[in-house]
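Work out the full structure: start from the sequences and follow the hints.
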Amino acid sequence: GNSVTQMEGPVTLSEEAFLTINCTYTATGYPSLFWYVQYPGEGLQLLLKATKADDKGSNKGFEATYRKETTSFHLEKGSVQVSDSAVYFCALRMNSGGYQKVTFGTGTKLQVIP
Amino acid sequence: DAGVIQSPRHEVTEMGQEVTLRCKPISGHNSLFWYRQTMMRGLELLIYFNNNVPIDDSGMPEDRFSAKMPNASFSTLKIQPSEPRDSAVYFCASSDLTPLPVRSYEQYFGPGTRLTVT
Chain A
1 GNSVTQMEGP
11 VTLSEEAFLT
21 INCTYTATGY
31 PSLFWYVQYP
41 GEGLQLLLKA
51 TKADDKGSNK
61 GFEATYRKET
71 TSFHLEKGSV
81 QVSDSAVYFC
91 ALRMNSGGYQ
101 KVTFGTGTKL
111 QVIP
Chain B
115 DAGVIQSPRH
125 EVTEMGQEVT
135 LRCKPISGHN
145 SLFWYRQTMM
155 RGLELLIYFN
165 NNVPIDDSGM
175 PEDRFSAKMP
185 NASFSTLKIQ
195 PSEPRDSAVY
205 FCASSDLTPL
215 PVRSYEQYFG
225 PGTRLTVT
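Residue numbers (the numbering used here), protein chains in the order written: chain A, 1 to 114; chain B, 115 to 232.
Hint data in this document are derived by calculation from the structure and do not stem from the laboratory. Every residue gets a Cβ at the ideal spot worked out from N, C-alpha and C, and that includes glycine. Among the clues, some could well be false.
[Claimed, not checked] On the chain A side, residues computed to face chain B include the following (Cβ under 7 Å):
{"hint": "1", "residue": "Y39"}
{"hint": "2", "residue": "F104"}
{"hint": "3", "residue": "T106"}
[What the hints assert, rightly or not] DSSO-like mimics (lysine-lysine), calculated; alpha carbons at most 30 Å apart, straight line:
{"hint": "4", "chain 1": "B", "residue 1": "K192", "chain 2": "B", "residue 2": "K138"}
{"hint": "5", "chain 1": "A", "residue 1": "K52", "chain 2": "B", "residue 2": "K192"}
{"hint": "6", "chain 1": "A", "residue 1": "K77", "chain 2": "B", "residue 2": "K192"}
{"hint": "7", "chain 1": "A", "residue 1": "K52", "chain 2": "A", "residue 2": "K68"}
{"hint": "8", "chain 1": "A", "residue 1": "K60", "chain 2": "A", "residue 2": "K101"}
{"hint": "9", "chain 1": "A", "residue 1": "K60", "chain 2": "B", "residue 2": "K192"}
{"hint": "10", "chain 1": "A", "residue 1": "K60", "chain 2": "B", "residue 2": "K182"}
{"hint": "11", "chain 1": "A", "residue 1": "K101", "chain 2": "A", "residue 2": "K68"}
{"hint": "12", "chain 1": "A", "residue 1": "K109", "chain 2": "A", "residue 2": "K68"}
{"hint": "13", "chain 1": "A", "residue 1": "K68", "chain 2": "B", "residue 2": "K182"}
{"hint": "14", "chain 1": "A", "residue 1": "K101", "chain 2": "A", "residue 2": "K56"}
Next up, the structure:
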C-alpha cells in the first residue's frame with residue numbers, strides 16, 4: 001500500500017537557521033504530494049503541494065521539490081522564525097478504488113528558539 | 115466562508131457515557147473525513163464520506179464508533195460507550211473531490227474536538 005515516512009522529531013533550531021525535514025514515500029503510480037502544518041491547538045492546514053515529478057511547491061518561504069527518482073519530497077526553509085514552530089506533516093494523494101485517498105506521515109515537530 | 119466547524123471544542127466525559135462529536139463542512143464540498151490524533155498513533159483516518167455516503171470506514175476502531183452524514187452540511191461521530199483509550203483530538207476535514215475540472219483536492223481541517231474520557 002501507499003505510505004509516507006518522515007524524519008522523527010522534535011527538531012530544534014535557532015532562529016534564522018536552515019531547515020530540512022525529510023520525507024520519502026512509497027506508492028504505486030504517480031501521487032500528488034503535500035506538506036501540511038499544524039500550529040498548537042489548531043487543525044492541519046495546507047502549506048504547499050506538488051502534483052507531478054520535478055514540480056516545486058513553495059509558500060511562506062518553505063519549498064519542497066517532487067523527486068520521483070528518490071521518491072522524496074523534503075521540506076526546506078532558508079531561515080526559520082520562532083513563528084514557524086509547529087508540527088509538519090508530509091502527505092500523498094492517490095486514486096484508490098475510484099476515489100482520492102490521502103495518506104499522512106506521522107508528523108515532525110519543529111521548535112525554533114530565539 | 116467560516117471554514118470547517120466542529121463542536122464541541124472540548125469534551126470531558128466519564129467512561130461508559132455516549133459522546134457525540136459534530137461537524138459542519140465547508141459549503142459546496144462533497145467529501146468529509148473524520149480523523150483521530152494521538153501522541154502514540156499520530157493522525158489516523160477513521161472514515162470518509164463522499165456525497166454523504168460512507169466510502170471507507172476501515173479506520174473505525176470498533177463497533178463502539180459510528181458516523182453519519184444525514185445531509186451535505188452535517189456529520190456526527192458517535193462513541194458509545196466511551197473508554198479512556200478513546201481520549202484524543204478528533205478532527206473533521208472537508209474537500210471538493212469533483213474530478214473535473216481539475217481540483218486541488220486540498221483537505222480543509224476544522225479546529226478539532228479534544229475528548230477526554232476519565
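Checked against the structure, which of the hints given earlier come out wrong? Structure breaks hints 1, 5, 6, 9, 10 and 13.
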